[in-house]
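A.B. asks: Given chain A's structure and the hints, the job is docking chains B and C onto it.
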Amino acid sequence: MNARIRSLLFKRTYLLFLAPPLLVVTIFLIFPLCILLQYSFRLSVPGQGMKMVFTLSNYMRFFTDAYYLNGLWITLGTGFVVVVITLLFAYPVAYFYAKTRLKHRGFLLVMLLSPFYTNIIIKIFGWMVLLGRQGIVNKLLVSFQLLDRPFEFLYSYIGVIIIMVYIHIPMMTLLLIGSIQNIRDSLIESARICGSRNFGVFRDIILPLSIPGILSGSIIVYTSVIAAFIIPLMVGGDWGKKFISVMMYTHMNVTQNWSFASAIAVILIITSLTMIVTSSKIIKSMKLGVLISEKFVR
Amino acid sequence: MAFVEIKNLKKLFKNLVAADIDHLEIQEGEFVSFLGPSGCGKTTTLRCIAGIIEPDAGSVFVKGRDITRMPVYKRELGFVFQDYALFPHMTIFDNVAYGLRHHNVQKDDLHKKVSDALALVGLSGFEERYPHQLSGGQQQRIAFARSVVYEPDVLLLDEPLSNLDFKLRKAMRFELKRMQRQLKVTTIFVTHDQQEALSLSDRVVVMHQGRIEQVGTPVEVYENPASVFVADFIGSSNLIKGTVGEWDEQNGLCLVHIPHAAAVTIPSRKTLTKGEEISFIIKPEKIELHDTRESAYDVEGKVSGASYLGSAFNYEIDIGDLRLEALDSRVGYGKHYEIGDSVFVGLSPEGVRVLRK
Amino acid sequence: MKSSSGRSLLVASNVIVYAFLFLPLIIVVGISFSPSYQMGFPPAGLSLRWFKYIFDRTEFTDAFYVSVIVALFAAFFALIMGVLCSLALVRYKFRGKTIVENIFMMPIILPTVVTGVAMLQFFSIMGFYNFWIRLILGHIIITIPYTIRSISANLYGLSMSYEEASLVMGANYMQTFKNVLMPLIKPGIIAGALLAFIISFDNVTVSLFLIGAKTVTLPVRIMLYLDWQFDPSVAAISTILISLTVVGIIIAERIVGLANIMKVE
Numbered sequence: 001m002n003a004r005i006r007s008l009l010f011k012r013t014y015l016l017f018l019a020p021p022l023l024v025v026t027i028f029l030i031f032p033l034c035i036l037l038q039y040s041f042r043l044s045v046p047g048q049g050m051k052m053v054f055t056l057s058n059y060m061r062f063f064t065d066a067y068y069l070n071g072l073w074i075t076l077g078t079g080f081v082v083v084v085i086t087l088l089f090a091y092p093v094a095y096f097y098a099k100t101r102l103k104h105r106g107f108l109l110v111m112l113l114s115p116f117y118t119n120i121i122i123k124i125f126g127w128m129v130l131l132g133r134q135g136i137v138n139k140l141l142v143s144f145q146l147l148d149r150p151f152e153f154l155y156s157y158i159g160v161i162i163i164m165v166y167i168h169i170p171m172m173t174l175l176l177i178g179s180i181q182n183i184r185d186s187l188i189e190s191a192r193i194c195g196s197r198n199f200g201v202f203r204d205i206i207l208p209l210s211i212p213g214i215l216s217g218s219i220i221v222y223t224s225v226i227a228a229f230i231i232p233l234m235v236g237g238d239w240g241k242k243f244i245s246v247m248m249y250t251h252m253n254v255t256q257n258w259s260f261a262s263a264i265a266v267i268l269i270i271t272s273l274t275m276i277v278t279s280s281k282i283i284k285s286m287k288l289g290v291l292i293s294e295k296f297v298r
Numbered sequence: 001m002a003f004v005e006i007k008n009l010k011k012l013f014k015n016l017v018a019a020d021i022d023h024l025e026i027q028e029g030e031f032v033s034f035l036g037p038s039g040c041g042k043t044t045t046l047r048c049i050a051g052i053i054e055p056d057a058g059s060v061f062v063k064g065r066d067i068t069r070m071p072v073y074k075r076e077l078g079f080v081f082q083d084y085a086l087f088p089h090m091t092i093f094d095n096v097a098y099g100l101r102h103h104n105v106q107k108d109d110l111h112k113k114v115s116d117a118l119a120l121v122g123l124s125g126f127e128e129r130y131p132h133q134l135s136g137g138q139q140q141r142i143a144f145a146r147s148v149v150y151e152p153d154v155l156l157l158d159e160p161l162s163n164l165d166f167k168l169r170k171a172m173r174f175e176l177k178r179m180q181r182q183l184k185v186t187t188i189f190v191t192h193d194q195q196e197a198l199s200l201s202d203r204v205v206v207m208h209q210g211r212i213e214q215v216g217t218p219v220e221v222y223e224n225p226a227s228v229f230v231a232d233f234i235g236s237s238n239l240i241k242g243t244v245g246e247w248d249e250q251n252g253l254c255l256v257h258i259p260h261a262a263a264v265t266i267p268s269r270k271t272l273t274k275g276e277e278i279s280f281i282i283k284p285e286k287i288e289l290h291d292t293r294e295s296a297y298d299v300e301g302k303v304s305g306a307s308y309l310g311s312a313f314n315y316e317i318d319i320g321d322l323r324l325e326a327l328d329s330r331v332g333y334g335k336h337y338e339i340g341d342s343v344f345v346g347l348s349p350e351g352v353r354v355l356r357k
Numbered sequence: 001m002k003s004s005s006g007r008s009l010l011v012a013s014n015v016i017v018y019a020f021l022f023l024p025l026i027i028v029v030g031i032s033f034s035p036s037y038q039m040g041f042p043p044a045g046l047s048l049r050w051f052k053y054i055f056d057r058t059e060f061t062d063a064f065y066v067s068v069i070v071a072l073f074a075a076f077f078a079l080i081m082g083v084l085c086s087l088a089l090v091r092y093k094f095r096g097k098t099i100v101e102n103i104f105m106m107p108i109i110l111p112t113v114v115t116g117v118a119m120l121q122f123f124s125i126m127g128f129y130n131f132w133i134r135l136i137l138g139h140i141i142i143t144i145p146y147t148i149r150s151i152s153a154n155l156y157g158l159s160m161s162y163e164e165a166s167l168v169m170g171a172n173y174m175q176t177f178k179n180v181l182m183p184l185i186k187p188g189i190i191a192g193a194l195l196a197f198i199i200s201f202d203n204v205t206v207s208l209f210l211i212g213a214k215t216v217t218l219p220v221r222i223m224l225y226l227d228w229q230f231d232p233s234v235a236a237i238s239t240i241l242i243s244l245t246v247v248g249i250i251i252a253e254r255i256v257g258l259a260n261i262m263k264v265e
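Chains as they are written, first to last, in our numbering: chain A, 1 to 298; chain B, 1 to 357; chain C, 1 to 265.
If you are wondering where the hints come from, they were derived from the structure by calculation, not from laboratory data.
Every residue, glycine too, gets a C-beta built ideally from N, C-alpha and C.
Please note: incorrect hints may appear among the correct ones.
To be verified - Label pairs and their computed distance ranges (CB to CB): (1) A/L16 / C/A165: 49 to 59 Å; (2) C/I133 / A/K51: 47 to 57 Å; (3) A/I282 / B/T91: 47 to 57 Å; (4) A/V277 / C/L48: 47 to 57 Å; (5) C/L224 / B/T91: 22 to 32 Å; (6) B/R129 / A/F31: 18 to 28 Å; (7) A/L76 / C/G40: 52 to 62 Å; (8) A/I282 / C/F94: 27 to 37 Å.
What the hints assert, rightly or not - Covered by chain B, according to a simulated footprint, are these stretches of chain A (three or more residues, beta-carbon under 8 Å): (9) 58-68; (10) 149-157; (11) 190-196.
What the hints assert, rightly or not - In silico negatives: residues of chain A with every beta carbon more than 10 Å from chain B: (12) L76; (13) I120; (14) D204.
Extracted from the complex, chain A is given alone in its bound form (with noise of 0.2 Å):
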């Protein structure tokens, strides 16, 4: 009998189960990358098409116009303060739903949810009804006379900050809740009884068991950020043109250079996966460990 199951269970079946799905994602998202990378190194001459030619011109192009490394710089910039200010309010909420005993945390959950799910295009109209010459936060500034004339949030850094903040909040304190929800309140209570005060238990214990997640939630965000497209696009103006997602596009759709928006999306994953493997790196060199009695955790 034994053996029949084992005979059920392991044999070879497995591949009956994954040939379709690896078939599926192998023509329609492996092969179109490995087509991507291949057009990294050819040459698109306007209005003949791709030159079938080996070369590094594109990537030579990238890394020594200034325009472009000044657009890399700016992307990377711009993710690394996206985070900062996100990861600043994220925690709180995040501690504050994980840790706090609450009658209402369904509702928490869904007050969370519902601007997560909310399709992107929305949250930017709805900032840029904010934030427009005429938007409510501009009247009120200066009618409260903290400027003598409307500021032009929109088409500019600062408005290109406020909404990839806004999008990230949600995405972040979920990253979050799990991880401070994973430090066990026995953890918290015995810090609290060898005499350690409320600011102290936050320091010592809280604080340096959520790093890990503080960690992966950044570079979760800090990869969206830097691949950002559709907010740059719609509301970055001429700035948002140096973010390099966008000037992918516009060596795609705009300027049919399809050698060299290859080459800026091969740059775009490097960058990205760099940062994913690196990251995932360090925390696990972190060693915080698996305790033996995590296996009781309630």
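C.D. replies: The following block gives chains B and C in isolation, referenced to the frame of chain A:
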């Protein structure tokens, strides 16, 4: 004045009584166990003492001062959690030193105290390791060291042995007792394991449905349970219900009619009246089995189940509708019975305890 | 038992953040009832003219149908792929499993815009001009990771003993799958389907590269509309979509519990 005193402590969870302690006193240096099944309120009471949860009513005194509304960190208590709660991001040294750092201990003193505590639990030299590099038993010792190093007034232990395997648990029991004796720290130990409670404690507090059923030394609770619940929980006991037939006040003997079984004569310290419904208990190891009638107390029965436990034989014996459990430790030299054998059951008087309903 | 000052600081910061999160949504809903072209808040009066407007103009309703159809197809196929994949990844041990897992997670790891560009190049080279199928295929690829995740999480939590017991009692693998496994992973399947539908319906970045003239999804349609016009009609559509989102979340909470739709990234 008692070292620890609990008065009218009450805690409700959603209108359900989780703990309701009228009065309990614990002396300095005493080792007291809260014993009971899960949900009996033992952990709730312990957490109220620790300040992790706030009682709805009542007060807790330690050394005469009311700590009921005091913040946790000011209570001067030690607490060993069921899951040990060692800080995973700190070394063993930092874990043990954590409490000391919050008690304004000077640096040189701190090192000495930490190494003393580690020596006490037999883990000197583990300072630089992390909790996840330790075995379950070692983590348990560190948790103990961490809780006693700053010399708390009371040490609270919440089922600290329950996550260890059987052999280790037994070894740690002796260790725990040794260390507690050495430190002379007043200790409250919560457990659902009656063997742990009996072997470790100076006194056992048996709890049931949030209330105290009985407080007494291990021997008292075991030998002279105050209620049916205690008798049943402390050791597997035969609980027998019957009606008083005759009551011999002079000799303290009572003839009890057990419905659909037999009439037996048992001793009783309590005064009974004829016709009264009573319960009495007899522990399995106090039941003697004979091949033939050997005394007036013997009742005839039939073996309906038999199993060999290594150190004893465990029997089920039917007397009419009554089923008794017996434990016969005469392994090796005594004979043993098979299912279907007729036996005479001797309810030895010193083993019988009469309980009122 | 936080100290009162620390706690009030925490509560205050939460109130501010939640207010920040809801501010644009409230504004959008508010101005959708505007009686004029004015985008001011609060609106000068109440009217449903913009709701009537969007139903009169077929470009939005057409786009809505496109989005729904694409999302339904994508969710359906992604679900099948997800079940097959999860079974293989959770229930079998084989070499190269980590690589296979990472391959399926690629659409999440890769910048979405790159996925869009790569697929656009591929379809153009192949001369593949059925835009419906372009969109659906693109959406299947980006939703597969989500169905795999929900179903795998469910499967991981499920002891293998159920399947073994069923097999021991003489059911064959198909029967076991149908009568034991399927009912047990139903929560994962429902959560996966919901998630896939939402991800597909909400997607802009990949859609933008795969749409055709007659197959524009709703979010892309709104985006293109905003390029030329800025009036409360978009607010009216948004109000409808926000309501659907909130209702969807509440329904999801009732059916599968929110823990299952919290898996973001």
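A.B. asks: Check each numbered hint from earlier against the structure, then list the numbers of those it violates in ascending order.
C.D. replies: The structure breaks hints 1, 2, 3, 5, 6, 7, 9, 10, 14; every other hint is satisfied.
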